[in-house]
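*Asks:* One letter stands for each residue in the lines below.
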Amino acid sequence: MSQPTTREFMLGEGSGTGSGQTLQVGVGPAHPAMHGIIRIVTELDGEFIRSADVEIGYLHRAFEKDCEVAGYNNAIPYTDRLNYVSPLINNFAYASAVEKLLGIDVTERCKFIRTAMAEISRICDHLTCVGASAMELGAFTVFLYMIKAREFLWELVEDVTGARLTISYGRVGGVKADLPEEFATKVGAAFKQTREVLDEVHRLLTGNRIFMDRMVGVGALSREETIAYAITGPLLRAVGVAYDVRRAHPHWAYDRVEFEIPTQSAGDNYARYLVRMAEMEQSMRIAEQALALMPGGPVNVDFEGRPIDPAAYVDQGKQGKTEGLLLLPIRLSPNLQGQNRAALERVNADDKRVVLPPKETAYGSIEGLMNHFMLIMEGYGIRPPRGEAYFASEGANGELGFYVISDGSERPYRVRCRPPCLPPVAALHRMIEGEQLADLIPTFGSVNMIGGELDR
Amino acid sequence: MTGEQILHRLRDRFGAAIVDTHEFRGDTTAVVERTALADALRFCRDEPALAFDMLTDLTAADYLKFPGREDGPRFEVVYQLTSLPHNHRLRVKVRVDEDDPVVPTAVPLWPIANWLEREVWDMFGVRFAGHPDPRRLLMYEQFVGHPLRKDYPINRRQPLIGPKT
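In order, the protein sequences belong to chains G and L.
Under my numbering, read the first sequence as residues 1 to 456, first letter to last.
Under my numbering, read the second sequence as residues 1 to 165, first letter to last.
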């Protein structure tokens, strides 16, 4: 721990004149480039960083402890707040870890929905990372363009999940609701605009003299050290290792779509930028293929009988007039878009021990009502067998793993999130030592530290 | 290598020091005696057929309230290993008692263990012998206790400033 100093600085101290005297400067947590949640205590010799000590924990919110006190699905909103720039991936990875522990498989349509939505999230994440780190170098236009593109994608996310940031869309055994109508068309339009923005950003940044001077050769980490620090994701691919959890351990529908793993070899900030730019294009390819291959046909299939009002439906159920009630489709409120019985059957696993029944069944039959209560009431819920499972998915920053231990009760005994941005932050001092203080900013930007996930 | 082959390799090399092995839901796990842990981890990293070059995760679990294990060793320290060349995974676990919660450090093998072991010390109070920088990682230095232990109440507050409860 550094001691605060109140003395006056000595003449020549930290001047870089080789006097051997160094100056300690704390960067953050209030520094805007540190996102308000990181403190780096640097020892400066002139402009050069001799050593650095990175302190984290300012955003610790006891995610792992909170998971232990409620049911399995109750942790979904907490996972939104891990990597809040791409919360869908967290939702799905956590749900898949619990499914692995349960030993159940989700439906094909759900796998394709997870794949497509995770890729849209990944693009949002990379757009934010590249845009924000370009802004920190003064390229404010790039930031505005990329946030504009992210806005198009967030509209898609809002269309599917009903929220923009804290989406809570994943569920153990499926997803909250089916995709809305004409979703693939909307995605096509949004991707077209995103591609235009990426082209524009390429013209603005790639090869730009000022940008290159700040990025090329800065913040580099060797291949051996990157692996030894367990760094995954774009930073690992920037040193030439074509490792991607989506390819190495295919999950959801990644084994049925074609994509490339972009790599670079330099391992510096510029290589990371190029990898992220190339990955966004690959993510759009994956999402487009997933939407094109998605089984299950259109969302609204023809039923026999006329849709009736949900209130009248519930009334009939209460009066015991349940004869044939389960066969009637109902018109759900817009809040429950995509959650009618037919839609939920397509996206959720066929397992009553895990998945909530659709609202028609819960209100239209005593069995459905009991099923609902058995999953919701205190002391009941999803009960995986005693054991443990580790599920890894490719988050926007690298391998996002969830390690879940069950003691056979309705609450997780232990949930461990393997945060993908902790290893690069742990190795940050190796990237900045020996470089200038000003280089700290682009290097820290290229690491894409997300506080929610780093500190949990 | 399949999980069975990896476990076979480990049993060949370490014999009785491999206390328990199991495969559950496709995850391969080996529970290692604490005295053999440092050697076992080094073997996992350096043996060409295993080549676990990445310590993906290092965490712990407190089995104080786990049904059937209340009397056994309280903590388990869990190492998730990944091999990039072979694309296989292994989970290595070591059990430690509450009276003597010390595990040899893995920092010389994988530098990432530095922060991960600091987090385990912070959250569980398991110490790592030979750790170069044994500070807390997420909580502040003045914090009392280890919050992920099962006997740490979730509603306990320890604010640095303001009223304490």
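Any given hint could be a false lead.
What the hints assert, rightly or not - Below 25 Å or equal to it, Euclidean Cα-Cα: the simulated PhoX-like pairs (lysine-lysine) are:
{"#": "1", "chain 1": "G", "residue 1": "Lys65", "chain 2": "L", "residue 2": "Lys65"}
{"#": "2", "chain 1": "L", "residue 1": "Lys65", "chain 2": "G", "residue 2": "Lys148"}
{"#": "3", "chain 1": "G", "residue 1": "Lys65", "chain 2": "L", "residue 2": "Lys93"}
{"#": "4", "chain 1": "G", "residue 1": "Lys148", "chain 2": "G", "residue 2": "Lys186"}
{"#": "5", "chain 1": "G", "residue 1": "Lys192", "chain 2": "G", "residue 2": "Lys148"}
Note that these hints are calculated values from the structure, not bench results.
As the structure is a computational prediction, the values presented were derived from the model and not from experiment.
*Asks:* Could you run down the list of hints and mark each one as holding or not?
*Replies:* Consistency of the hints with the structure:
{"no.": "1", "hint": "G/Lys65 to L/Lys65", "verdict": "14 Å, holds"}
{"no.": "2", "hint": "L/Lys65 to G/Lys148", "verdict": "50 Å, violated"}
{"no.": "3", "hint": "G/Lys65 to L/Lys93", "verdict": "21 Å, holds"}
{"no.": "4", "hint": "G/Lys148 to G/Lys186", "verdict": "16 Å, holds"}
{"no.": "5", "hint": "G/Lys192 to G/Lys148", "verdict": "13 Å, holds"}
Violated hints amount to a single one, hint 2; each of the other numbered hints is respected by the structure.
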